[in-house]
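Asker: Use the sequences and the hints to build the structure in full.
Sequential numbering from 2 applies to the sequence shown in our numbering.
Everything labelled a hint here was simulated from the structure, so no lab data went into it.
Keep in mind that this is a model prediction, so the values were computed, not measured.
Check each hint, because a few of them may be wrong.
Stated by the list, open to error - Heads up, simulated BS3-like pairs for lysine-lysine below, C-alpha to C-alpha not over 27 Å straight-line:
#1 K443 - K207
#2 K324 - K436
#3 K436 - K322
#4 K109 - K98
#5 K36 - K182
#6 K182 - K153
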Amino acid sequence: MAAPRVRRDAAREALIERAAYNALAVNPLIGIRRKEVLGAATTLLGHLARHPRMVSGQYAKLLTEYARIIAGRSTLTPAQSDRRFADPAWSGNAMFKRLLQAYIATGKTLDRCIDEAHMDAANTERARFVASLFVDAIAPTNFLAGNPAALKRLVDTSGASVIRGLANFVEDMTSGARLPKQVDARPFTVGENLATAAGAVVYRNKLLELIQYVPTTEQVYQRPLLIVPPQINKYYVFDLVPSKSIVQWSLGSGVQTFVVSWRNPTREYADCGFDAYVTALEEAVDAMRDVTGSPDVNVWGACSGGITLTAFLGYLAARRKRKVHAATLAVCVLDTSVVRQTTAGLFATPATIAAARAASRRRGVVEGTDLARMFAWMRPNDLIWNYVVNNYLLGNDPPAYDILFWNNDTTRLPARLHADFLDLFESNPFQSPGKLRVRGSKVDVGRIGIDAYVVGGLTDHITPWQGVYQTARLYGTSRSTFVLANSGHIQSLINPPGNTRSWFMTG
Numbered sequence: 002m003a004a005p006r007v008r009r010d011a012a013r014e015a016l017i018e019r020a021a022y023n024a025l026a027v028n029p030l031i032g033i034r035r036k037e038v039l040g041a042a043t044t045l046l047g048h049l050a051r052h053p054r055m056v057s058g059q060y061a062k063l064l065t066e067y068a069r070i071i072a073g074r075s076t077l078t079p080a081q082s083d084r085r086f087a088d089p090a091w092s093g094n095a096m097f098k099r100l101l102q103a104y105i106a107t108g109k110t111l112d113r114c115i116d117e118a119h120m121d122a123a124n125t126e127r128a129r130f131v132a133s134l135f136v137d138a139i140a141p142t143n144f145l146a147g148n149p150a151a152l153k154r155l156v157d158t159s160g161a162s163v164i165r166g167l168a169n170f171v172e173d174m175t176s177g178a179r180l181p182k183q184v185d186a187r188p189f190t191v192g193e194n195l196a197t198a199a200g201a202v203v204y205r206n207k208l209l210e211l212i213q214y215v216p217t218t219e220q221v222y223q224r225p226l227l228i229v230p231p232q233i234n235k236y237y238v239f240d241l242v243p244s245k246s247i248v249q250w251s252l253g254s255g256v257q258t259f260v261v262s263w264r265n266p267t268r269e270y271a272d273c274g275f276d277a278y279v280t281a282l283e284e285a286v287d288a289m290r291d292v293t294g295s296p297d298v299n300v301w302g303a304c305s306g307g308i309t310l311t312a313f314l315g316y317l318a319a320r321r322k323r324k325v326h327a328a329t330l331a332v333c334v335l336d337t338s339v340v341r342q343t344t345a346g347l348f349a350t351p352a353t354i355a356a357a358r359a360a361s362r363r364r365g366v367v368e369g370t371d372l373a374r375m376f377a378w379m380r381p382n383d384l385i386w387n388y389v390v391n392n393y394l395l396g397n398d399p400p401a402y403d404i405l406f407w408n409n410d411t412t413r414l415p416a417r418l419h420a421d422f423l424d425l426f427e428s429n430p431f432q433s434p435g436k437l438r439v440r441g442s443k444v445d446v447g448r449i450g451i452d453a454y455v456v457g458g459l460t461d462h463i464t465p466w467q468g469v470y471q472t473a474r475l476y477g478t479s480r481s482t483f484v485l486a487n488s489g490h491i492q493s494l495i496n497p498p499g500n501t502r503s504w505f506m507t508g
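Answerer: Shown next, in the form of structure tokens:
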């Protein structure tokens, strides 16, 4: 009886790993509206209608493949990396094998139709995305009758799994998010079993609180470290649990450690943009200098926190203020042309950007839950359908995992800051010295003039490593070090020493 338990545990670990790999960042700020998805589908259908001979030919090929499948002569198999079809029944049971092959054949036919529709590159990629939404949604694993693991669970539990799954579904659909839960939040409490490093707020202003942590060594370095998290996430990603805590590792190394905790803005913060956030950071740095007596500090910014930090450093350089000694930038892309190549960038037209800007202006803020929902539909297999299977078909609770708890504990963005990020996406100002103005000063990244340590993730699809590498180049090759970790977005940050599966390269 142990084997089924092992399989369930392995599936649960895979569920956690894939969700952590897709942790929320700020690149779905534009969003994918239903109108754009329908527009891409309409464009595809229009092109297919203009090529009836091609479509009929592909349809005939599909029917031929269906005939091979029914006769048991098809050689179609899923990709080895596709964990949805890991259950032995998909290869050992004739009915499930044929169902899987029919699914694969349908997806391949759609791909060929898109290839031969003769659309331009942008419309082709949009069509592929829309087709992937459809193909992912109709996967047999998403339905009870087509999921052998769920059927086994139904029998083993005498139907209890379906009842639990239905209860999970009703709870999720009435919670407001209308998406399956990714994490069981019940075991976690911030300050009790998360974010346990001892510290206190030593300064606060309109936009942030500055946390100073209690040193754990007899002696400390004079120059302190300020960690700046993304505005859309909570600060405690840097202090999850002791074994994964960057804060506690820094303290153990004798570094006086401070972390910014961004306030969760309401409508009254609607007009707070880059200028306000840079002002808040400068005030925090000044407070650190007063507390520690150090003339300057080191800083560390992650993702959008790194973007804000770069704007701050550019402002300091323009004003000839020497308050920062060196910077670390983790998974931070300044060259937004790279983001245009991601799924979010596919639908970043002037109309979608204007609509996103207008929507946040009306509400005064962008809800973190809205960004999370948009992001989930960019990676539906990992962030939606995996949980449909786990929570509803198998009747399991979602996993209890610290990183997923943090990832779902989102904050809001002020409308002005949201608009400023959209302006960055449109104009790519860090690439052009002086194009970005912060508090009236022109920002030139090349003139920041401090050492920069820049970290990217090899498998990071949120902030692609090629873009992070460009960040290092913008800071100047003589003053920057680029480090490429063999992991994804969050794993590049939360990766304690001693992980035998991890490696990195420098350049």
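Asker: Now, for every hint given, state plainly whether the structure supports it.
Answerer: Now the hints, each set against the structure:
1. K443 - K207: 25 Å, holds
2. K324 - K436: 23 Å, holds
3. K436 - K322: At roughly 20 Å apart (the allowed maximum being 27 Å), K322 and K436 satisfy the hint.
4. K109 - K98: Given that 27 Å is the threshold and the Cα spacing comes to 17 Å, the pair holds.
5. K36 - K182: 26 Å, holds
6. K182 - K153: Holds. K182 to K153 sits at ~23 Å (cutoff 27 Å).
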